[in-house]
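Engineer: Spelled out from the first residue to the last, the chains are:
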Amino acid sequence: MTQQGRDRLAGSILLLFAGLWCWGVMATIPDMGGGARVGPRGFPLALGVLLAALSVLLIASSFMKPHKEAADELKSDGPPLGTELWAILSTLGLLVGYTALMWATGFLVATIVIVAVGLVLVLGKRDWVFVGAMSFGTALTVFITFNKILGVYLPHGAWVDLWF
Amino acid sequence: MDTFLSALPLVADPSVLLAIVVGSIIGLIFGSIPGLTYSLALAVVLPMTFKLGTTAAVGMLLGTYIGGMTGGSVAAILIGIPGTPSAAATVLDGYPLARSGKAGLALGTAVLVSVFGGLFSLAVMIVSVDFVARLAIKFGPAELFALVLFGLSTICGLAEKSLLRGLIAGVIGLLVMTVGLDVIDGVPRMTFGSTAFLQGVDLLVAMVGLFAVPQIMQTLIDWRRGHEIRLDAGDVRSEMPSFRDLGKNFWVIVRSAALGTGIGAIPGTGGPIAAFLAYDQTRRFSKNRANFGKGELAGVIAPETANNSVTGGAMIPLLSLGIPGDPATAIILGGLLIHGLTPGPLLFMEHKLEVYTIYLTIVVAYLAILAFQYFGIKIFVRVLRVPPHILAIIIAVLCAVGTFAIRNSFFDIYVMTTIGLIGYLLMRARIPVTPIILGLVLGPTLEREFRTALILSDGNFDIFYQSTPAMFFFALTILIIAFHFIGQTRAKRAHVPNAEASIDAG
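Residue numbers (the working numbering), protein chains in the order written: chain A, 1 to 164; chain B, 1001 to 1506.
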């Protein structure tokens, strides 16, 4: 997708969001402003309108002919879609998976598993010694730092609960 | 003097010193690796500080900030690629110096003058902050509103390539922060009955999500496309510059420090601009002008002094007015707020002790960095060999754990992830993240002051018109926006390279 196409898409999504936001504000926030007093509706509504206006400007700007510097920038390529999707899904997958795993098996197991998964599945590392060292190393270091030194409560699992 | 003496034992506490040192080292590491920024370091460190005492927490944050600013020179000198945008000018003479076998000298000089620049700006900061705070103490809600508005406009305007996108980002940030319980009237806003949203979006969660998650994705993409930059420096030692070298460049150092401090104090401008301006100034007035770009030591001294002087300068509006000047100070502002310290004129009245601990913390951080860069450079360089894509996995773990630690909530991690995804998509739409953060941080203040002002004046807008400081800041706001608009149009016609664009990345 060209940069201009992206701008139009972004502008449209933002405009839609701004519209929904304003509707939400009008529908759910009671109007407590009396006279010139600005109530709870004021700011959110004003911001929603402002966002809508700016989104329209963004869409409009994508139709204007780009000046030289902008044109050069537009030519520079973003990452190929496949790579981008891979990066996004990997990151989201790791984070969401990690969270779910932490809930189920507790911090230690989850960390060891997710670092290993990250290294092997996402990055394609095959050196098992390395993967093992990194997984256990990370889990242990974070455990000591957060749990022992900082006194932060790290989750115990709901299904698998190790005793520490 | 009393307060200073009371602050000393607070900072001299071993746990505080450790926090500062750890923060500095983390900042140094992140600052040195191209592709990892010190904003990312701060976003990762912020949740860690949550459980620390106030002094230790602030110490860790400041250490990370300062370490990050200083670390950028390492990669700039060793491989010719700046670790942070503020080190871009250091490459010009630092890399040639390294190529001619003088890497040690360049590194040692860079860190020494960085420390000087930082401490110089600290001294200026101590004097100015008090002065500005005294002026600002008389500000009422109308003036504060105008001031915060000005602060926001500078970020949206000066720091971003596209004014329109900067404004969109700022508005998004402001908008998101209205979710939750209305502070003045107590009604839930846009929560749709969900108790989870009643507290609104947690600032920390948003910061980690916006700064860290898109970076993780970008690092993975860079690796996959073969664009990853590895820091492999071989055997390196830090060497102290001779007294003669320093003496010859005395005025360079002082001028660059003053320049950096001044630029740092202006919200929206920062490290990269200060570094390039200092470099340019020094080159113009130098007798060895022809040698610049080929390995002239002054060409390293000027930008490195300037970019670290920015740290003290940027703290001036932050501490005295509560206005952050760049993403890093925005995160520090968030950190201070979370620990119950509200920067602004009241900070000096109510928390004088904490302010002095901040000053001392900065001194300790700089000393720690100096020591580490000289004695620990060998270990340091080895650590830097860890490839960024592997670090990305570890950073993901740290983000998740850190976010969880805030409220012991798995839900928060999901929110962070979602915000992170949105952040990445916005980044691809070329909508900058910094103004969003600023909107998040300053939004509540902006609205509160505005509505309080109107309540005080019974709905009469005169409270704004009759206040000279308020009108002054409004005028500045309009000027900034107009300035940027004209500058943008002119720049496009003359295709002038835009140094400010790199601020967002730092």
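Honestly, the hints are just simulated from the structure, not real lab data. Where a beta carbon is used, it is the ideal one built from N, C-alpha and C, also for glycine. It is possible that some hints are incorrect.
[Said to hold, decoys possible] Label-pair distances were calculated between CB atoms; the ranges are:
no. : chain 1 : residue 1 : chain 2 : residue 2 : range
1   : A       : Y153      : B       : R1237     : 37 to 47 Å
2   : B       : L1367     : A       : L150      : 43 to 53 Å
3   : B       : S1015     : A       : V120      : 33 to 43 Å
4   : B       : A1371     : A       : S12       : 32 to 42 Å
5   : A       : V129      : B       : K1051     : 53 to 63 Å
Engineer: Taking the beta carbons of B:A1371 and A:S12, is their distance inside 32 to 42 Å?
Structural biologist: For B:A1371 and A:S12 the Cβ distance comes to about 54 Å; the hint is violated.
Engineer: Falls inside 53 to 63 Å, the C-beta gap from A:V129 to B:K1051?
Structural biologist: violated (34 Å)
Engineer: I want to verify a distance hint. Is the separation of the beta carbons of B:S1015 and A:V120 within 33 to 43 Å?
Structural biologist: holds (38 Å)
Engineer: Is the gap between the beta carbons of B:L1367 and A:L150 within 43 to 53 Å?
Structural biologist: Roughly 24 Å apart at Cβ, these two residues miss the hinted range, so it is violated.
Engineer: Tell me if the beta carbons of A:Y153 and B:R1237 are separated by a distance inside 37 to 47 Å.
Structural biologist: The hint (37 to 47 Å, Cβ to Cβ) holds, given that A:Y153 and B:R1237 are roughly 44 Å apart.
Comparing the model with each earlier hint shows violations of hints 2, 4, 5; every other hint is respected.
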